[in-house]
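Residue numbers (my numbering), protein chains in the order written: chain R, 1 to 253; chain L, 254 to 612.
For the record, the hints were derived by calculation from the structure and aren't laboratory data. There is no bait here: all hints are sound.
The calculated DSSO-like cross-link candidates involving lysine-lysine, where the alpha carbons are at most 30 Å apart (straight line), are:
| hint | chain 1 | residue 1 | chain 2 | residue 2 |
| --- | --- | --- | --- | --- |
| 1 | R | 192 | L | 454 |
| 2 | R | 206 | L | 454 |
| 3 | R | 206 | L | 324 |
| 4 | L | 379 | L | 579 |
Chain L stretches covered by chain R per the calculated footprint, using a threshold of three residues with CB under 8 Å from any CB of chain R:
| hint | stretch |
| --- | --- |
| 5 | 297 to 307 |
| 6 | 318 to 329 |
| 7 | 340 to 348 |
| 8 | 440 to 454 |
| 9 | 460 to 467 |
Here are the simulated distance ranges between beta carbons:
| hint | chain 1 | residue 1 | chain 2 | residue 2 | range |
| --- | --- | --- | --- | --- | --- |
| 10 | R | 150 | L | 473 | 36 to 42 Å |
| 11 | L | 593 | R | 158 | 52 to 58 Å |
| 12 | R | 133 | L | 300 | 46 to 52 Å |
Backbone N, C-alpha and C fix where the C-beta goes; we use that ideal spot for every residue, glycine too.
Here's the letter readout for the chains.
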Amino acid sequence: MEEQSKTIFDRPESLRDVVTHYCPGCTHGIIHRLVAEALDELGLRERTCGVAPVGCSVLCYNYYNCDFLEAPHGRAPALATGFKRLRPDMIVFTYQGDGDLASIGMAEIIHAANRGEKFTTIFVNNAIYGMTGGQMAPTTLEGQITSTCPNGRNLEDVGHPIRVSELLATLATPSYIERVSVHSPMHIIKAKRAIKKAFELQAENKCFTMIEVLSTCPTNWGITPGDSLDWVEKNLLAYYPLGVKKRPDQGDK
Amino acid sequence: MAKILMKGNEAIAEAAIRAGGKHYFCYPITPQTEVAEYLARRMPEVDGVFLQGESEIAVGNMVFGAAATGKRVFTSSSSPGISLMQESLSYIAGAQLPVVILNVMRGGPGLGGILPAQSDYFQAVKGGGHGDYRIICLAPSTIQEAVDLTIEAFYIADKYRNPVMIIADGMIGQMMEPVEFPDEINEPELPPKTWAATGAKGREPNIIKSLYLDPLRLEDNSIVLYKKYEEVKKNEVRFENYKVNKKNKVLIVSYGTMARICQTVIDELEAEDISVGLFRPISLFPYPEAALKEEADRANIKTVLTVEMSMGQMVEDVERVVKGAKPVKFFGRTGGIVPTPDEVKEQIKYLLRSESAKG
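Extracted from the complex, chain L is given alone in its bound form (with noise of 0.2 Å):
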């Protein structure tokens, strides 16, 4: 197929499509509205489901009770609306339903503002609602890769019975690009939904839940969970290296669109004769700690640096990874500011002084 010129938020609601997802509740917000507004035109062309729900909360559960049927089903929102999602998504986790959530995050706390941030890292990596769950988390830099890992996010959400989110910061959901969507799309069979409920017809009643009064069974329900993410860890790690090698003294570790700043940073201090890689997490749960870990390791690097649109989130994860072996710098703006090249540069310059002054 040829490629077609979309914005993110429209190219994503288009991808869902492709994928299946073909029933979507929503609740606007920006800066991620656009994708309510090209599925309620979109939605019934394809005999799929369109609704705009009174809350995120009452969004979050109609994505819920819509999982419970089987059928493949999204909803986005943007910050304090995935907040409002938390409850919904600690439920859905719990009863293992498969549901694929974007998030086009913008500035916080609160109410915050309405410009690209990625300030949501904790939220949407360390749990964000209550219990013993986690969200796979894939977070793509260009709009080609958002349709490309929404395609693919409804298929790990299938597999896993677990919620998906693609976390994209407000720049993926405004910016217009080239894409491409493929013409068709070729997923791995998976076992039949024999969990949803059909209408208990010669067969024992599907209870969809997540209340395990017994401890024992609440822990193993747990433990489950647990085995699961396990598994998730080991086949779902998503990573791209940009021009890593033995050179490099610095690795920046960044993510979405900040990564894709810090290659513009990185070409133009080549032309200074500095030479920096980048390591890019895509999938943020599970995260690329073998990856990371082996990169950060090698003799060369003197310096981790990690870049974010926060006021350092992921930074933490880049701290467990590398473990010591080597200083963790952080550089990051947030409230809707997008750190330019010239202000990456300068500190990876000012990080490079300092590293000589020590000798």
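Isolated chain R (complex conformation) (with noise of 0.2 Å):
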């Protein structure tokens, strides 16, 4: 019987025990336990710190069970530089979504993975705006309706989505760049697996990382959030292939 009262799933410990605001169907609090899952499984909570960024996951440090950081609208990778630059015994993340990362910070996130800041990114790509309530991300799909785009994305009117993880592996400094997502249990095993891996290299003192998770947003996609999970597979995987980006024997400094 002893064997039957045994845990053998629990909340984890870098993660508080709250609700979440977040919507039905939105994937961030799976991204949430990912991470607090790794940093429980390395032991570095108590000496990590998060920088939160504008958008949907503003409030994860209500969330997060260690010290946070509140950025301006894509300034994440700015702070997290400031900060671990005075404080390289620390493990120091960034968690962006695609408006914030994509758009409003690229240039921090660039010069950041450029200079090889010894910070992971958790860049959560859903190919919209949430929090403002759907507008068009640099990052929306072609044909893709939104309130800011309601005829669909026109690639000769805005260009092309940006594709982050593949602008930022030709460069030559980042040690780590991998695309996940978190539409079915198997790709949750493989992107907790990618998001370990991160911050161990982090632990290591290798530079700059990043896991690209692709998301949904059954609420501003209009949709179930069951669909949601199929318009992942269907249309986020084409135009988004998962996979390793950068490997750590690729051009660390």
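Starting from the two chains in their separate frames, assemble the complex, guided by the hints.
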């Protein structure tokens, strides 16, 4: 009987026991948990400082159980740079959405990655601005309807969606860049492995690591949570191929 | 310590190190780039951090992140770059972090020019970024004073957990003068920085933020800041008088390099038997309101003349303080033109002539 009372699944210590504000079917919760599990398993929580973005996950410091800074829109990599340069003994990660990172914060992420700043970026890409109510992002797919491209994204008007991981992988300095997804249990397991590896590399003092996680936005995509997972599989994966874009043995400094 | 001959920008940079500001982030811009060049060499010698960022927007936010560690951080720029830092200054003030910023002012608006000006007064003293916050603002008129104020600025920033700006002009940055650094810096003890992000070991997490979605909480935060600024107004007022006496007919109000030129004006007019005094605000926020009011109210003062290297910015504070008790006049040149003593003298003589014409 004693065997049966053993805890086999619990909330990671790196997450607080609180209810989140995320919409039903949003995968921020899963991604939060994967990061928290990685911090727990590597024993990093007590020396970790996160940097929150502006967007849906601005309040993520209410859910994580570690020190946190709240950055202006897009500037999380600059805050993380300043912090980590002064505290190289600490573990630092930014948690940023695609509007925050790929639009207003593009300069900050490219230069932090290129300098090889020794922090980890969790880049959550759901191809839309969530918090402000579903506007076009630099990552919005061709033809995808949003409130600021009501007829669908027109490539002739605003160009192609940006593949951030591939873009950053052209830089020589970053040590590890991988795109993962969390729309199925198998993908979640793979995403966890990638996130944990990024933190391991940071703990080994390797320079810049980024995991791009494809995510859902049922509320602003205007489809059900179930259909959103299918939409990731069918549309996002087609344009944003999963996989390792930069390995530690490729030009780490 | 013996005096050494140093350029203003380099002296301020060294003063920051002496005060413990050993963590510096920068982006090049004239006329203050020597600060960055000096610290690029100096920071490795003191085990400090030197980093050149990709823009002043990024640099302001690097300083934000660095200040969250609780260590003393410093940045410097000039007018257009300071404009780009306004985003981070608003957030840093909202999150109550201590940082020291140097603005070596050049002419504006826009790209303006690279020569000395004082046309960032409004930006520095009246806001700059969004929201209800203030920057403590100190204006040196000599390089020695720039050194002394920079050293003090780090303590003041820590004490109030607020950005402190050293506001100089291109002349202070570029000029060379003999300066002396204190052998040791004795500061009153400050409370431990329990707010800093140092890792949530054995304590609840520290969250450094400025977002309060509940309007009552946001109002509370603004009230906390307001009360802090009232304390600053009580404790941190700084000013200096020059040849202020009962014979003065005119009281000049001027700061920084311009105030120094006005001292020459006053000396030269004295030889012509024209008595003028100078009131020099050193802290621009908090503004030395009571002291200025007292001097302007003296019966012998017929006119208050504000002299600036701008089209008239601080003069609005002088008018606010004098409250119509005396006529407040303005003389200024801008765009990088530094008024000569003769120009200011002419202005004063003109004022006195029109006074006597009025009887």
